[in-house]
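Q: In terms of UniProt numbering, the sequence shown is residues 1 to 73.
Take the hints with a grain of salt, since some may be wrong.
Below 20 Å or equal to it, Euclidean Cα-Cα: the simulated EDC-like pairs (lysine to aspartate or glutamate) are [unchecked claim]: (1) K21 <-> E8; (2) K20 <-> D35; (3) K21 <-> E47; (4) K20 <-> E47; (5) K21 <-> D35.
Hints are computed from structural coordinates only; laboratory data are not their basis.
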Amino acid sequence: MSCPYLTEVTMSFCRAFPVKKLVPSDRVVTTSPCDGECYGECPVYREAAARLGGGSGDLARASHASSNKGGRP
1 MSCPYLTEVT
11 MSFCRAFPVK
21 KLVPSDRVVT
31 TSPCDGECYG
41 ECPVYREAAA
51 RLGGGSGDLA
61 RASHASSNKG
71 GRP
């Protein structure tokens with residue numbers, strides 16, 4: 001039997017933000033630009049894209065490449 005106070009929660013964080021603060025997914029605002037097509041409007045995303053040299057597609061590719069586990073494509 002497990003502890004009655006132990007719960008499992010799915011967490012999210014922004015890879016572009018300098019501090020990795022975990023936020024429970026159920027607490028993320030439903031109109032958050034992070035979860036929709038308008039993520040390019042996020043000031044943190046724009047700043048990270050500018051640091052990488054401009055293209056927002058470059059940031060998306062870099063983000064997905066860094067999340068690759070085990071070194072496999």
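Q: Take the hints in turn and mark each one as holding or not.
A: So, going through the hints one by one against the coordinates:
Pair hint K21 plus E8 holds up; C-alpha atoms about 17 Å apart against a cutoff of 20 Å. As the CA atoms of K20 and D35 are separated by approximately 17 Å, the hinted pair is consistent with the 20 Å bound. Annotation: proposed proximity of K21 to E47 holds, straight-line Cα distance about 18 Å (limit 20 Å). Restraint check: the Cα-Cα separation between K20 and E47 comes to about 16 Å, which is no more than 20 Å; the hinted pair holds.
Pair hint K21 plus D35 holds up; C-alpha atoms about 16 Å apart against a cutoff of 20 Å.
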